[in-house]
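Peer 1: Position chains F, H and V with the ligands relative to chain A; hints supplied.
Chains as they are written, first to last, in this note's numbering: chain A, 131 to 623; chain F, 16 to 345; chain H, 16 to 345; chain V, 912 to 1217.
To be clear, the hints were calculated from the coordinates, so they are not data collected in a lab.
Since we're looking at a predicted model, the values are computed, not measured.
Check before you lean on any hint, since a few could be wrong.
The calculated label-pair distances, taken between Cβ atoms and stated as ranges, are [what the hints assert, rightly or not]: (1) H:L288 / V:G1159: 50 to 60 Å; (2) V:D1190 / F:V204: 49 to 59 Å; (3) A:A153 / H:L288: 38 to 48 Å; (4) H:V327 / V:G1086: 49 to 59 Å; (5) V:A1084 / H:S116: 45 to 55 Å; (6) V:A1084 / F:F187: 41 to 51 Å; (7) F:R237 / H:S320: 32 to 42 Å; (8) H:K143 / A:K434: 13 to 23 Å; (9) V:E1191 / H:K143: 58 to 68 Å; (10) V:E1080 / H:S320: 20 to 30 Å.
Result set (DMTMM-like, lysine to aspartate or glutamate): computed pairs, CA atoms no more than 25 Å apart in a straight line [as the list claims (entries may be wrong)]: (11) F:K234 / A:E229; (12) F:K234 / A:D199; (13) H:K234 / A:D455; (14) F:K143 / A:D199; (15) H:K234 / A:D430; (16) V:K1114 / H:D59; (17) V:K1160 / H:D59; (18) F:K234 / A:D286; (19) H:K234 / A:D435; (20) H:K234 / A:D464; (21) V:K1114 / H:E186; (22) V:K1202 / V:D1158.
Chain F residues, not near chain A, derived (Cβ > 10 Å throughout) [what the hints assert, rightly or not]: (23) L44; (24) F61; (25) L166; (26) I199; (27) A220.
Yeah, the Cβ is synthetic: ideal placement off N, Cα and C, and Gly gets one too.
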Amino acid sequence: MKGIKKSFGSNHVLKGIDLDVKAAEVHVLLGENGAGKSTFIKILTGAYEKDAGEIYWEGEKVQLNNPIDAMNLGIATIYQELNVIPELKVYENIFLGRELKQGGKFSMLDRKAMITEAKRCLSLLGQKTELAEMELGELGIGQQQLVEIAKALALDAKLIIMDEPTSSLSAQEVEQLYSCVEGLVEKGIAIVFISHRLEEIKRMGNRITILRDGYKIDTLPVKDTDPDYWIELMVGRSLDEKFPKQSFTLGEEGFRIENMLVEGTEQPVNFSVNYGEIVGFSGLVGAGRTELARAIFGADPRNKDAKILIDGQEVQIKNPRDAIDAGIAFITEDRKSEGLLLDQAADINIALANMKGFQNKAKLINLKDIRAKAEEYIKELQIRPNNIELHARNFSGGNQQKVVIAKWLCTQAKVFIFDEPTRGIDVGAKVEVYRLMNQLVENGSIVMMISSDLPEILGMCDRVYVMSEGKITANLPIHEASQERIMKAATGG
Amino acid sequence: MSQIIVDKKQENITEKKTIKTYLAKLAPLLALILLSGILTFLSDKFLTVNNLMNIARQSSINALLAIGMLLPILTAGIDLSVGSILAVSIMIMGIVSVSMSLNPVLGIIVCLAVGAGFGLLNGVLLTKLRLPHPFISTLGTQFIGRGIALLVTAAAPIAGFPYIIQFVGREFVGPIPVSFILVIFVYVVMHIFLTRTQTGRYIYAIGGNPEAARLSGIKVDRVLIIVYTISGFMAGLAGLVMVGRVNSAFPLAGVTYELDAIAAVIIGGASFLGGVGTVAGTLIGAMIIAVLRNGLNLLNVSADSQMALIGVVIIAAVYVDVLRQRKKRK
Amino acid sequence: MSQIIVDKKQENITEKKTIKTYLAKLAPLLALILLSGILTFLSDKFLTVNNLMNIARQSSINALLAIGMLLPILTAGIDLSVGSILAVSIMIMGIVSVSMSLNPVLGIIVCLAVGAGFGLLNGVLLTKLRLPHPFISTLGTQFIGRGIALLVTAAAPIAGFPYIIQFVGREFVGPIPVSFILVIFVYVVMHIFLTRTQTGRYIYAIGGNPEAARLSGIKVDRVLIIVYTISGFMAGLAGLVMVGRVNSAFPLAGVTYELDAIAAVIIGGASFLGGVGTVAGTLIGAMIIAVLRNGLNLLNVSADSQMALIGVVIIAAVYVDVLRQRKKRK
Amino acid sequence: GCSGSGETGGSSSGDSNGGGGESVSVVLKTLSSPYWKYVEAGAKAAGEEFGVDVTVVGPAAESEVIQQVNMLEDQVSQSPGAILVAPSQPETVVPVLENASSSGLPVLLIDTDVEFEGKTTFIGTENFTAGQEGGKLLASMLEKGDKVVLISGALGNPATDERIKGAKEALEAAGMEVVAEQPADSDKAKAMSVMENILQNDKDIKGVFAANDDMAIGVLRAVQAENLDVKVIGTDGTEEAVQSILDGKLAGTIAQSPYNMGYQGVENALKVMKGESIDERIDAGIDIITKENAQEQLDFLKSISE
Ligand SMILES: Nc1ncnc2c1ncn2[C@@H]1O[C@H](COP(=O)(O)OP(=O)(O)OP(=O)(O)O)[C@@H](O)[C@H]1O
Ligand SMILES: Nc1ncnc2c1ncn2[C@@H]1O[C@H](COP(=O)(O)OP(=O)(O)OP(=O)(O)O)[C@@H](O)[C@H]1O
Ligand SMILES: [Mg+2]
Ligand SMILES: [Mg+2]
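Just chain A, same shape as in the assembly:
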């Protein structure tokens, strides 16, 4: 690809990017949130029109006007946002757009062949083949992501583009993905890989291209360079530490859950969080961490005899409103479906959970206050672009996540439950989120973090609960925790 340019309105996102991908290599794209990675690959797949530039495929100039053109060339794509049809079966999703038929163009679909092939792809990813005939909507978000990957595998593509495929997977599935990618590369297939997780780039990548503000900064071999150097190129300065862990003196117990039953299990969950510590929740995808958080927050029904105590006082939470009023904030894991009003401005999104706080005496909302507050958070969290009127949809994934965090900061909550808070955000931003957690703890808030990113748990938490099948299977002070111990507890042992 040569000199690719793209702007949305006057927002020049790509300002001339060149990239070449060789067969049998894993080419990593790295850049801050909003650097233009997703936009760039959407042009490559024909999903967006480019403003300028040329694309060559096997030496020949090609014109990609829509996703079909790219598919026909042999380019398969896993987009950053899940692109699946919940109402269709898994195998139908895998073959969507290029179904197998029994005969000619207008003949019936060959369901058997599709199911067989779908099962093969799923087993390549270490998944049960029965999944193939289930309705996709019944799977959890992680499994849905795996189906997307299977979809790309089934295409028999020559180039597979993966835009943050691991962001909603836990360690185990990520391993499966790694070995799968290795297999593909051995077959001579090229991979373009976007990720914010440096350790996996180090492990899998052959070459790395770094983007910043719509410019290509450099392309480097992965082996011979240092991740810290990438970061420097990426953010324009060096980053002192990836996990700015600060330790505070452990305070009193501030938050306690008793007898909480996560749906589908019989054994109640009990845990507590003290002031001055960050408590992590680790586990495999589907371990029930999100469900636990939702139950606490009043978003899902729960057992009657469950108790929630803040500062030793029991609080009654029947719905999210009660939870917010009790001072709990829940930063949900899926920013698009649970976090944002995509077609409304950033300031409204930020103020949404605390509209009451912006009312004047006449019970009218003061829009100026909202704007001022939003500006404040945008500056504090370095949300880009710093335009409070931009609709949430038009922020890049990482910046969307920051908007969601801003929304919850705005509620002045006491207890913060972060569910996968750094999913899809860049290293620089991650550090900002971590600093923010530190700050929250320092200012006397309770902080819990559900995360599938083990290094992050190990790097930031003071204590970690491990969940498996809706039960807490371990409670480890961080100095006793290790990848191995956590994984062991997470798999039920």
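Peer 2: Chains F, H and V with the ligands only, in chain A's frame:
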């Protein structure tokens, strides 16, 4: 070890799934059986071959419109113009085959072609003009279609259609109305179309997640155009049945029929949010409406109470489905 | 260096935004101006104070229904029952204040209360029965309401309302109809309600993403109930204006009025997908429809072409908006 | 003056003596307007008087044409002694009625006529004639060359369309100038708006013929608001219209004796069932109602609606 745990969970889900599927298919049927039971109890005329055939015949126009309507609704759209399309189709068929006395088969072809043509127009307006929602494009063509139906004969009705045109709407095979046989045939074809062909599955995909469908290489516009064209075609076909039943075409034919068709589709378990709905459910939905109206007539319920009762039954029928789904989720 | 680039970019966006905002507000207005221009050109009677007041008066019933309809549409819903609610409200007001000769103010209160009550029913059906889409609940109450309106007086109209009840729909302040002053008042209140109150913002939030709204502590059910109650209340208020206009209540009042109201809201730039739409746009939408109908009468357009023309204008008005948005995006 | 709607439903068939022979089924265009309520009242009165079960049904609106055909089928399949029909779209009932009469069921048409094999009789007045009478009445109140307006119902509704045709013919024959012809969907509020708009164009209008009384009353409101002296003629003779005539507002209305149609319909059906022969065409008569006879008509209407 973790593998085993995962396995168990999934097996569980699969097992649950099959029971769910059966239940899901049973749901609107339940409402139909309930309703029929009540009516059998209240009127001895209800459960007679004669009356059942009556219902079969009376349901056929709405059944055809409803199966056409199912497609837009599956794509999270709607088609408000079916009643008007029906009217234009039959008026123009009247002009061709009665006023101009041309070949009746040509008349039938024209009727279906006009229906499909208007449907095509709906699809093109929606996709090419990029109108924000089919509510607008089809509301517009609802007016346009009705206007044309009124214009072509200056609002006069047309009677005296040739037998061939009347055949479908009028004749019987044994005790069974030909129109009902047509309905069954169309429903079987549509079932195969929706479940076993590529375009059929694409219709569900577009309703489920249009952006994902587009990125998977589905030509969304093309599929939408097909969807609205089929809906229009069905309106033309329903018009043909209507002309056979009443041996005349009149420009106000089909006023508010879109509501009955939509009600049938939704009572049949489809969702306005797209991606959910079946052909069998739609048939049951259409039958529920026909049985209800027939029953109210048999019981001589007054027109005003009929209105109120129909409203109650529409809500109740959908509520039965809601209850079932809630149980399913448990 | 990169810092500088970023800053410039952002400034640019902000600047663009204000122009955009103005354009966005201008959009449906453009269609209105276009239409008015054409009519001024075609009829010298169009642009007279008298005729404009005429339009103001004639638009008021639809304008009230439309501002009520805006709310459900903002939440990605719809209210098909407004026409029927209007009819029940005025019939019951007739019984109270004419047949029973009770205090006219009581009559007005009853009228508004019945409207709001039916709206409340819509909201409760939708949220408590968990019906899948308000299309169903409000289609049901459309039938139920109409049935009741017919039942209460056995389809007989009620005439001879006291002056106080007629006041709003009938009187003028100078050349300006009271009904239009009421419309402006209601629109201002609704504008403040939607943009400046908590519940108002919640309505937009629910339309944008109901799950995110719920998790942000919004009691979605409560807000939806408020939304449908207001819509029903507006139908009652529109009924009051209608009774003032024609000095009688009749059970078939308001048939198909929901379509005009929906058209006004959508022409005014709202989206069926929820979360998008303004009070000002809705007013312009209602005015476009009123101007169009006025123009058709002024020009004595033949009855049969009127329908088709209305259809074309609905599509065209929305298309103007689509075009503008496309240009904006460029 | 309104009562007794509840019993409409329960009156017959529920008590399972609907076994045929002694019952008459009446299928009307709708039961949602006063006009058709009068027909119903007439039919019921005759039923009571002659001691026979009378079932009156009709869809919720005149536009529900196929629903009417369905109702007709459902009634026929209950094999009553005779059937009375007022078809919304005349031709649409022909197939069912031909079947019915060929199986020996006497079929009587009321209000609106249609030709078919085996018809017993038609009782009523042509809508065209009613329109003509209305036109003549209006012309008689005006002078040659005066400007008049026609307000039609929903276009495509044969009843109101025919009335407009008749009125137009009569008015033009009398030398009136028809300056506007606009539809108002049989809706009072719409009729008012339409008339307001027409008056914007031309304040010199002297007369209006409206295809039904509801629209006439809407028109009247618009005229009154402008303080103009315009003669407004309606059609149907509803209580509201007659009252308005009595008050000196509406100039007149053409009543098609709906009550008589219902009454005579049942009366003649019984004759046929007994084997007596009746005329093929029975004129139910037209009442031209003006200020002179309005009181009388009002008293009559009040007596039948009680
Ligand atoms: N449809 C759109 N309209 C306007 N601006 C857009 C649109 N899509 C993306 N942008 C802007 O383009 C820029 C690049 O976004 P992109 O999604 O490509 O970033 P990214 O590098 O993938 O970031 P992330 O790591 O967060 O996924 C962002 O500033 C974003 O706000
Ligand atoms: N929408 C859904 N429909 C059906 N099952 C679901 C859905 N979402 C999650 N699940 C299932 O619920 C169980 C618990 O999921 P949950 O999201 O609470 O796990 P988690 O520990 O938070 O994992 P994750 O890492 O994905 O956040 C899993 O079995 C998951 O597959
Ligand atoms: Mg991205
Ligand atoms: Mg989770």
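Peer 1: Need the list of violated hint numbers for this structure, in ascending order.
Peer 2: 4, 17 and 27
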